[in-house]
Amino acid sequence: MEPPLYPVAGAAGPQGDEDRPGVPDGPEAPLDELVGAYPNYNEEEEERRYYRRKRLGVLKNVLAASAGGTLTYGVYLGLLQMQLILHYDETYREVKYGDMGLPDIDSKMLMGINVTPIAALLYTPVLIRFFGTKWMMFLAVGIYALFVSTNYWERYYTLVPSAVALGMAIVPLWASMGNYITRMAQKYYEYSHYKEQEEQGPQQRPPRGSHAPYLLVFQAIFYSFFHLSFACAQLPMIYFLNHYLYDLNHTLYNVQSCGTNSHGILTGFNKTVLRTLPRSRNLIVVESVLMAVAFLAMLLVLGLCGAAYRPTEEIDLRSVGWGNIFQLPFKHVRDFRLRHLVPFFIYSGFEVLFACTGIALGYGVCSVGLERLAYLLVAYSLGASAASVLGLLGLWLPRPVPLVAGAGLHLLLTLSLFFWAPVPRVLQHSWILYMAAALWGVGSALNKTGLSTLLGILYEDKERQDFIFTIYHWWQAVAIFIVYLGSSLPMKAKLVVLLVTLVAAAASYLRMEQKLWRGVVPRQPRIPRPQHKVRGYRYLEEDNSDESDAEDKRGGGARGDGAEEEAPPAGPRPGPEPAGLHRRPCPYEQALGGDGPEEQ
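Counting from 1, position 265 in the sequence shown corresponds to residue 1153 in the numbering used here; the numbering is continuous, with no gaps.
If you're looking for bench data, these hints aren't it; they were derived computationally from the structure. Note that the Cβ used here is the ideal one computed from N, Cα and C, for glycine as well.
Here are the computed distance ranges between Cβ atoms for each label pair:
| id | residue 1 | residue 2 | range |
| --- | --- | --- | --- |
| 1 | G1194 | V1277 | 23 to 29 Å |
| 2 | D987 | V1173 | 26 to 32 Å |
| 3 | Y1127 | W1210 | 46 to 52 Å |
| 4 | T1160 | S1376 | 21 to 27 Å |
| 5 | H1151 | L1192 | 45 to 51 Å |
| 6 | L1184 | P1410 | 39 to 45 Å |
| 7 | R1417 | Q1085 | 19 to 25 Å |
Take these sequences, add in the hints, and give me the full structure.
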């Protein structure tokens, strides 16, 4: 029989040894015998296990945020796509809604989704600082779930307000997501190099660029998940709506030109696309499944995502002043790095919308029919998700390579699409469409992963990251708004705008890298120091933060803020006050009416 690991206090030893002479047994045993350190305790091993658990917690946060964003965007895109197809059909509108004006409601809903984010630069940093990064993610995902829930009762007063609310949540959601992934990479570095942090001290910042390898890995994981949302969005189409659609010979009967020769979106497309109308009960079942998935995304963010900052750091971020928080995104325009990256931000918005409307609709649906729309977007999604891993090439290659490679691939595809006009109702060239969609997804993955990683490397200060990602996603929202305004342009005009923006973005980015290589120092706005106005125990400043207003007036409230108290003069004080301990009476003594400790 093996001896126990920890001996029982007061009992005989494992061999029946007698108590040591002079040491009492039982309840009179010394305290060290009861609460002393474990004999086999290894402090270094326990510390290593502690930080390993912390690193696993960071990985859990990244996976939960990635899965939550994927489910949220997949539900949103899938519902919006199914809703627009159903509302496009004339028979469906007349039978189910009569003269309610459903096309007008849809146009106002799309306007709310695309126009509202233009104002996001004014309120996004304030919301992120007020609620915190994690809670901003949770609230934004909740607004997406609200948009899903309004489709149970499709009316003007449900769809349009929820679309406006969703438009307001787009930029805060993705800005907080980008900030969250960057913070997780920094925390993973801290937990992996805790010994170096202890040697340097808590106030010493880690070396610049030290978290970059972890950031590359985390951004690759996030965008691998996120791009799968386009495939998840096609599940309602594949398993439900495709069974009700006409084939391409009916829907494309009046379509004369596709691809580069087309104008607007699906000119000549048939007004009736549904062979039979889906039952209301089946629609409710599909919407209930989508609602359940949106609710699951909320639970993932709420229950599995940890905080991005410590509580005191959150207070510090808010304490710089709400006016400064409002102004700082505009002040960052003076940084030449952001100015050079603005064309890439705009192109990042252009290329996603072109994949969903230009390639999928103008080239795909226009030539091979609506029933193959889902498979085209699945090809784009899988190509982008698989290619997000290519962002890890930044671990070995120079920093500009992934971004420039994605831009070069899109340049070749844009030039090819400029000279290609597929013939309507001909399926022989469908493999070219799938290949173009998958390759466009590869370029999108390199673009998104490269930009988010670049911003996290250039702006390491946790006080700036939410501002930077707000600016990035706001410019994306501006690009989406421009695409919304120019949806009726000819395809050649859209391709020319896309081509010019891409060339300008690549040239501007390379110019920025050249300036940094030459050692040009960027001009960044100063972040004000936190001004804590908290009355409590978290921050004890020069003035007594536990002092009430009445006590402050009685005890010399004329003292200016931040001024130091003068030392009392030596010797006995003049006046009737008795000599003794001079201190303010405690609350118990005040309740009894006393004036402090009595003289002994």
